[in-house]
Amino acid sequence: MTLETPDFQAYRGEAPPRFANRSELECAKVLDYYGVPWEYEPRTFVLEQDDDGRVVEAFKPDFYLPEQDLYVEVTVMKQSLVTRKNRKLRKLRERYPDVRVKLFYKRDIERLAERYRLELAS
Amino acid sequence: MEELGREVVRDYDGREPLLVAPLKASVVFVADLSRAIPIPHALDFLELASYGADADTGGHARIRFLKDLDSEIAGRDVLIVEDVIDTGLTLNYLCKTLALRDPASLAAVTLLDRPYRRLVEDLPVRYVGFTVPDELFVGYGFDLAEQYRNLPDLHVLRPKS
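Protein chains in written order, with the numbering used here: chain A, 340 to 461; chain B, 60 to 220.
By construction, these hints were calculated from the structure, which means they are not laboratory data.
Incorrect hints may appear among the rest.
[Unchecked claim] No farther apart than 20 Å at their CA atoms in a straight line, the calculated lysine to any residue pairs in the SDA-like style are these:
| no. | chain 1 | residue 1 | chain 2 | residue 2 |
| --- | --- | --- | --- | --- |
| 1 | B | 155 | A | 349 |
| 2 | B | 155 | A | 374 |
| 3 | A | 427 | A | 397 |
| 4 | B | 155 | A | 348 |
| 5 | A | 399 | A | 437 |
| 6 | A | 441 | B | 155 |
| 7 | B | 155 | A | 351 |
| 8 | A | 399 | A | 386 |
| 9 | A | 441 | B | 180 |
| 10 | A | 441 | A | 391 |
| 11 | A | 427 | A | 438 |
| 12 | A | 424 | B | 72 |
| 13 | A | 399 | A | 374 |
None of the values given here were measured: they were computed from a predicted structure.
Using the sequences and the hints, build the whole thing.
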């Protein structure tokens, strides 16, 4: 699926963002609307390495808000997969205690849609 | 409301604060809060364009005032009166914009707060009525598609099961 990529004003990344789903795009549009600088997937956090130092588990949050020093992960997954993502977030917080990260659920995005009258794909 | 009023009086006595309420949901709250603040103060209102109003223009859309303040705020103690703070995006924009006008101080009071949904943390939220769960509220100025604002009390709106 190819998603539209508007000419974002508050985007602080270099390469044009390629969103994985519509909720990520809508989240980006809201941040942009409010003039909150944002980056898309700027950093991959290594969570696990094997004995040879090869990365076996990593996590790349969807957004980074540099003014807030906050990573935001948007998820549209069903509950069982969210649980796995939550586990990753816990691991990230353990490994990188100085990194601030928040998980935004599909329900959060829908709430934004209600508040800001967004149109979301079902 | 009386508790919030007392806290505002404690902090602003002798400073004649300006209560700034973003339209429309905070109208009922600011009306009650103002009457719970028995020290001299002024009221003003502003209105921000909702996201949907400019959504068709995609990424070019930026938040903007539909109605700006009538008052000059330079040198004044400004207290923003919010209905609810969740992500903090609206209040962050308001604070940044109003700070450019050199108020003596800038703080916020909110009837409802959802701090666990915050994307912007460094906000001057000084007074909080209630920290609430992630539910949709109507009544007491809160609407759903412009309905229910007139209900005298807050109600939680839940989808039919």
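Verification of the hints:
1. B:155 <-> A:349: 15 Å, holds
2. B:155 <-> A:374: 10 Å, holds
3. A:427 <-> A:397: Measuring from Cα to Cα gives roughly 8 Å; hence the hint holds.
4. B:155 <-> A:348: It holds: about 17 Å lies between the C-alpha atoms, which stays within 20 Å.
5. A:399 <-> A:437: Judged against 20 Å, a Cα distance of about 16 Å means the pair holds.
6. A:441 <-> B:155: 23 Å, violated
7. B:155 <-> A:351: 19 Å, holds
8. A:399 <-> A:386: Judged against 20 Å, a Cα distance of about 10 Å means the pair holds.
9. A:441 <-> B:180: Satisfied, since the Cα-Cα distance of roughly 12 Å is no more than 20 Å.
10. A:441 <-> A:391: Roughly 31 Å between the alpha carbons, so the hint for residue 441 of chain A and residue 391 of chain A is violated.
11. A:427 <-> A:438: With Cα atoms ~13 Å apart, residue 427 of chain A and residue 438 of chain A stay inside 20 Å; holds.
12. A:424 <-> B:72: 50 Å, violated
13. A:399 <-> A:374: The hint is violated at about 23 Å.
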